[in-house]
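Listed below are the residues making up each chain.
There are 4 protein chains.
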Amino acid sequence: MEYSVGIIGVTGYTGQELLRILRRHPSVSIGYLASRRLSKPEPVGKLLPEFRADRKLLIEPYDPSKIAGRCDLVFLALPHGEAMKLAPILLKKSGLSVIDLSGDFRIKDKTVFRKAYGFAQSDAQGLKSSAYGLTELFRESIRNARLIANPGCYPTASLLALAPLAQQKLLPAEGVIIDAKSGVSGAGRSAKDDLQFCEVNEDMRAYKVGTHQHTPEMEQALGWISKKKTTLTFTPHLVPLNRGMYVTAYVPLAKKISFAAVSELYNSFYDDEPFVRILPEGVWPQVKTVAGTNDCEIGLYLDPSGKRLTVLSAIDNLGKGASGQAVQNMNLLFGLPETTGIRIGHEGQ
Amino acid sequence: MEYSVGIIGVTGYTGQELLRILRRHPSVSIGYLASRRLSKPEPVGKLLPEFRADRKLLIEPYDPSKIAGRCDLVFLALPHGEAMKLAPILLKKSGLSVIDLSGDFRIKDKTVFRKAYGFAQSDAQGLKSSAYGLTELFRESIRNARLIANPGCYPTASLLALAPLAQQKLLPAEGVIIDAKSGVSGAGRSAKDDLQFCEVNEDMRAYKVGTHQHTPEMEQALGWISKKKTTLTFTPHLVPLNRGMYVTAYVPLAKKISFAAVSELYNSFYDDEPFVRILPEGVWPQVKTVAGTNDCEIGLYLDPSGKRLTVLSAIDNLGKGASGQAVQNMNLLFGLPETTGIRIGHEGQ
Amino acid sequence: MEYSVGIIGVTGYTGQELLRILRRHPSVSIGYLASRRLSKPEPVGKLLPEFRADRKLLIEPYDPSKIAGRCDLVFLALPHGEAMKLAPILLKKSGLSVIDLSGDFRIKDKTVFRKAYGFAQSDAQGLKSSAYGLTELFRESIRNARLIANPGCYPTASLLALAPLAQQKLLPAEGVIIDAKSGVSGAGRSAKDDLQFCEVNEDMRAYKVGTHQHTPEMEQALGWISKKKTTLTFTPHLVPLNRGMYVTAYVPLAKKISFAAVSELYNSFYDDEPFVRILPEGVWPQVKTVAGTNDCEIGLYLDPSGKRLTVLSAIDNLGKGASGQAVQNMNLLFGLPETTGIRIGHEGQ
Amino acid sequence: MEYSVGIIGVTGYTGQELLRILRRHPSVSIGYLASRRLSKPEPVGKLLPEFRADRKLLIEPYDPSKIAGRCDLVFLALPHGEAMKLAPILLKKSGLSVIDLSGDFRIKDKTVFRKAYGFAQSDAQGLKSSAYGLTELFRESIRNARLIANPGCYPTASLLALAPLAQQKLLPAEGVIIDAKSGVSGAGRSAKDDLQFCEVNEDMRAYKVGTHQHTPEMEQALGWISKKKTTLTFTPHLVPLNRGMYVTAYVPLAKKISFAAVSELYNSFYDDEPFVRILPEGVWPQVKTVAGTNDCEIGLYLDPSGKRLTVLSAIDNLGKGASGQAVQNMNLLFGLPETTGIRIGHEGQ
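Chains as they are written, first to last, in the working numbering: chain A, 1438 to 1786; chain B, 1438 to 1786; chain C, 1438 to 1786; chain D, 1438 to 1786.
Simulated from the structure, these hints should not be mistaken for lab results. Do not take every clue at face value.
Copies of the same chain look alike in the list, so a pair counts if it fits in one copy or across any two.
[Said to hold, decoys possible] Dumping the calculated BS3-like pairs for lysine-lysine here, alpha-carbon to alpha-carbon at most 25 Å:
#, residue 1, residue 2
1, K1744, K1552
2, K1645, K1693
3, K1565, K1522
4, K1629, K1493
5, K1552, K1664
6, K1645, K1483
7, K1645, K1629
8, K1529, K1606
9, K1692, K1552
10, K1503, K1606
11, K1477, K1664
12, K1665, K1606
13, K1744, K1645
14, K1744, K1692
15, K1692, K1530
16, K1744, K1606
17, K1530, K1665
18, K1692, K1666
19, K1744, K1666
20, K1477, K1565
21, K1565, K1529
22, K1744, K1665
Model, not experiment: these values are computed from the prediction.
Bound conformation, chain A alone (with noise of 0.2 Å):
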C-alpha cells in the first residue's frame, strides 16, 4: 500500500467501478470516499449494496478539507460541470494529483467546449495544465501532468480504432464513419424516464444523431496524432445490455493498401500494449470478451477493393472507457507498471 487515493462522486457507476477495482489494487489504499448526496457518513455497503461485504469503508458527506494529508490522488467522478470547480481547489493541495472522469477538461477549445456541453468551461488554469488520458495514445503527457482529463467512452474506442491509421496519414480529411452501440451504463446512475428497465429493454435507439458532444473530442485527438483536421461522422446507439461498447468505424483509405499491411501496421503500433488485442483476420471483438476487464479489442476487415477499411473495436464502457483507464493512468502517475490492479491473471501482476 505504497498510496492513497480517494473517489469523489463514488455512488454513480464510474465511481463505483473505481471503488470496486482500487479494493484489489496491491499499490493503494482507499483514502477518502464523497458523495455530494451524503449529508453524514456512512457505511459503503448502505448506498452500494454490492459492497455490503465491506463492514468498514465509510462514504463521506463532500468536504475538499478533508482530503489534505489523506489523498496522494483524487478520482473525479462527477456530471459534467462539477469537476472544473472543484479541480482548482484541490491542485492548490501540492502534491494531490486529480483524474477527472467527466468532460470538463477534455475539449481544449472553449467555442466547441460550449457548443458540445451547452455551458462555458470556467477553469482555464485547468484547460491548459490538463493532459488529455489516452493512455496508448498519450502516455508521455499524462506523466507530467498533475490534471488528467480521462476520454469518453466513446473517443476511447473510436480513438484506439483510428490512431494507426491517423498516424500514417491514411486517414482521410473526411468520410471516416463511426456508428457505436453503447451498452446503459455509459449513461449514468441518475434516474432517467427513457433508461427505466421497461424502456431500454427489447429496444434499440440511436440517439444524438449528429450532435455527440464526444463527436468533437474525437476529432480534436485525431487533430493532434495526424497533425490536420478531421472531420467525423457519428452516431451513437443504445443497445440493452449493462457493460460493453462496440464501436465499428469505416474508413475510406487515403490510399489502397493491403490486408498484410494493414495489419502488420495495426500489430507493430500496438506490439507493447497489454491492453490492446489486434484479432487475426475473420475474427471479430465481442463485448463479452472484454466485458469487467481494461482490455480493448480491435478487429480489420478490408474490402476486396483495397480501399475500404472496416475496423471494429470493442471495450467496457466503464473499464478501457471510463474507470478501468483512470486507474492505468493513476498507475502512470505513480510510476506502477501500468497493468497492476487491472490486468486479472497471474501473468499480469
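Chains B, C and D: place on chain A using the hints.
This is chains B, C and D only, laid out in the frame that chain A set:
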C-alpha cells in the same frame, strides 16, 4: 362502434396497454384520453412513441367537464390515492361507469386499507358501491356495479390459483404460501432509481417481504369465497423481464386428495372460462404463453403424500393482471361477449 | 374467410409468426400446417406452447399431396435450400400460389447465389418466374407472380431506407455503408452453441463481416431501382433482444442537397404507403415502436456539408422483415387491402 | 505458486469459471486443462473467447496419463455420470486430490441416486470415501478426504439458509418449502432448444416440479445435521439472467421464537464465516450483490405469529454454487486460508 370510452392516466403502463387493446376492440371507440401531466393536447405518438402510427388520436389535459357526453365508461389508470378523488365526481354523470385500476377501492375495511397503503380511503360511498373486479370469481356483482375496483396483478394470479380450493373448503386457515415473481412493468412507469435498466438487468430480489399491500386484498377475497378467515404468507420478487407474472402457491390441504380429484376440481371450476387454462399433469405454466394476452395458465403438482398441493399460475401483469381484465370487465358491463377484443384469433371473435 | 392458406415449417420463428398473424386475419382460414420433423399430427400447442389456447389446430407431417384442394396459397418457412425442392412440386397444382421466406429465389444470378449461399440454385424455372417480394418497391411484379421470394430482413430495412435515393440517382456507385443490428430471432430457432442465452445475453458482436449473403440481395435490388451497379459495405451485428432490427445507412450523396429536399423526397416517395413512416427531423426510429408490427420507421440526418446523409430505419425482423411482409404480399395476391390483418387498430381494418 | 492444479471439462460454464478464478489465485498455477472434445491441443482463447488475452495457456485432449506429476489436485467439471468413471483412475495416483463438480458422488444411497439421476452410481469406493463439500457445514470431513463431492447450486443456497434451524431442531419433519429461482448458466453450456436466447429471454417458468435431483441431496444433508429425516417441497424456476440464484425458503417452525432469537441464531452460527452474510432486519438479498463472488447473503422474515419463518438466500450459481466453493474446498485441502483467491478486496488477501 357501439360504445365510447375514455382513459385517464393513459401515459402509464396500464393506461398505454388499455389503449393498445381498445384501439383494436371492435365495439368501442376512443372518446377521451387524458394525462394530468399535460397543459395542452398532444398527439398520442408524441408522448407514447409506440403509437406514432396513429396520427389522429390526441391526449388532452385532464378535465372532468369534458367527459360528459363523450364517454359511456372511463378507465382510471392513476397512482394509488387519486381515483378516490376523481370517481365521486365522475359517477355523478348519469350513465357513466368507472373502472379503476388502482388499489383505491379494493379493500373494504378502512383500517386494513390505511395499514396497507399508508393513507386513508376517503370515499366511503364509492367503497360501498364498488364491485371487486376479478371477473371469473365475482361476475354477478361486477355486472350490477357502476364502479369497478380492478384487482391487483398478484391477487389476480393468486386468487385464480386458489379459488377452487377456497370454494371447496380445502384451503387451511393458515400455512398457505404465495411465492410470486413479477416482471418490471408491474412497478409502473415513473422513473425510480432502483428500476433503472442497470439496476434490474442481471439482478433478482425479493421486496416488501411480509408487508405488500396485495396481501390483505387476497385474504379478503379468499374470505368472501371460503366464508372464513385465511392468513397468507406472501413474498413478491422482481425479475428482469418487461411483462409477466408467475405465482407458485404452496397449500397444505385441509384433507388428503388424489391428483385426479384435484385436477377434476380445477377443470370443472374453470370449464366455461375462456381465459383460464388448466394444464395437463407434468406441464407447467410459462410467462411467454400468456404474455400479451388476457389468459391465465394454471399447473398442478400434488406431492406423493396427497396432502401438499403446489399450484403454479402465470399471467401477463399488464394483461389479465391489469388492463386486459379491465376490458373484460368493460365487456361484461356493456353486455358484450367477455372475449370481445381480448381473445386473439378466430375462435374468440 | 374467403381464402385458405398453409404454412410449411410452422415451428420455426417465421412460421410461428405467420401463424400468429394469420389466426387473426379476417379473410383467411388456416387450411394446412406442416412440420417436417413430425411423424404424426400433433396439436399446435404441444409443439408451440404460445398457441396452447388453441385446442383445434393440428400440425401435420409434411405431405404435398394433402395440400391440393385445401389451400389457395402456401407459405414456405424452411431453411435455405429446401424451398427450391418443394416449390416446383407445389406450383404444379393449379391455383396454388407460393410465398417463400427463405433465400432460395431472391438472387437471380446463379453464380452470385452459389457464392452467397455455398450451394447451387437448382430450380431455374422458379427463379425465372418468381417476383422479389419487397412490396412497396416491386408491387406490380408481385401482383402478377405465383411464386414470391420474400426478402431478407436486412434487405427489407436497408432497401426501404435507400430506395428513394436510388430512384433519384442520389446513390453513389460505391461508398454506401449499411451498419445493421439485429435481434436474435433473426438467426432462426434451431439450437446453436453460440445462440444459447448465456452466450448472447450481455454480449454484442459483429458477424459475417463482408461476407453476409444479404449483401448481393441488396445490391441486386438497388440495381433494379437505380438502373446501375451499386457496391455496398454491409456489417451485421447481433444484439441481445428477441425481435427488432436497426439499420444505420451512411450515404455520400451523389450531389449536395438540402434537408428540406431530402425530407420531401422521402415523404413523397412513401406518401401512400401505410407501413412506412418518415419521422420528423431530430426524431429517431426505435425498435419498440415497430416490434410486433409490419411497420418500418425511417429517420434522416443530413450533415452540415449537405453531402452526407445518414438514414436510420427500424423494423421487426419477424414482422416487416419476414412474416408480416409475407402476409402483405399474400393480401396483394388475393386482391385484399394490403393492411388486412396486419395493421393493428381501427383505422387499418 | 505452491500448488499446481488441473481442470477436466474446462469448456463448460463451471470449468470456465474455475479457470477465471484460478488464473488470479496467488498460490496455484494451472498445470493441466483438458476438454474431451479436442483431438489436439488448442490455445484457451480459441475455445473460450473470454480468455483471448492469455496467449500461453493450452487446452489439451483428455489423457489421464498426462496428469501424474503435473497436478496436485484436479477439478472434474463434466456432465453427470462421467466423474464416477474418471475419479477411480485419478485417485490411484498418489498425492492427487479430486474435486468433482457433478452430482456423481453427492448422494450416498444408491437407490436414491438411481431414482434421482436415472442411472446407477458405479463407483462404490469413491462414494464411500468422498466428502460432501459444503464447506461451512462439513469442513472437517472435507479436510480429511481426497475426493470431494462439490454440492449442487440449489443445495448450497438452500442448506446455508436452513442449516442453523436444522442444527437447533427448529426444522419440522415436513412442510418446509424451498422456492428457488436460477439464472440460465446453471443449466450448463451444451446447446439446448429450450435454452436458446429467444426461448428464455422475456420468459419465466418452473421446471422439474417435484422431481429435481437436488431434492434428495438437500434432504440427505439436512438429515446429517438434524439427525432426523426431513422431507422438502422444492420448486426450481428458470429466470432470464446469466448468473445468480435466489432461494426463498418457508419454514413452519417446530416451536415459536422471537425475531431477536432467530437473528442471533443465524448470526452466531455464521459468525466466523467469511462468505456468509446475515442481513439486518428488513434488508433482502440481491443477486447482484453476490454475482461474481463466493458470497451467500441471507435475509430473515418472521411473521407476526412467530411460527413462520421465511429465509431468503442469494448466491452466484457459478460462484458459491459451483466453482467458487470448489476453490474454497481446494484451499481447505491445501491448508491455505479459505478466502485465498476468492475474497476480492484487500481485507481477504
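message = To test your reading of the hints: which numbers does this structure violate?
response = When the structure is compared with the hints, numbers 4, 8, 9, 10, 11, 15, 17, 20 turn out to be violated.
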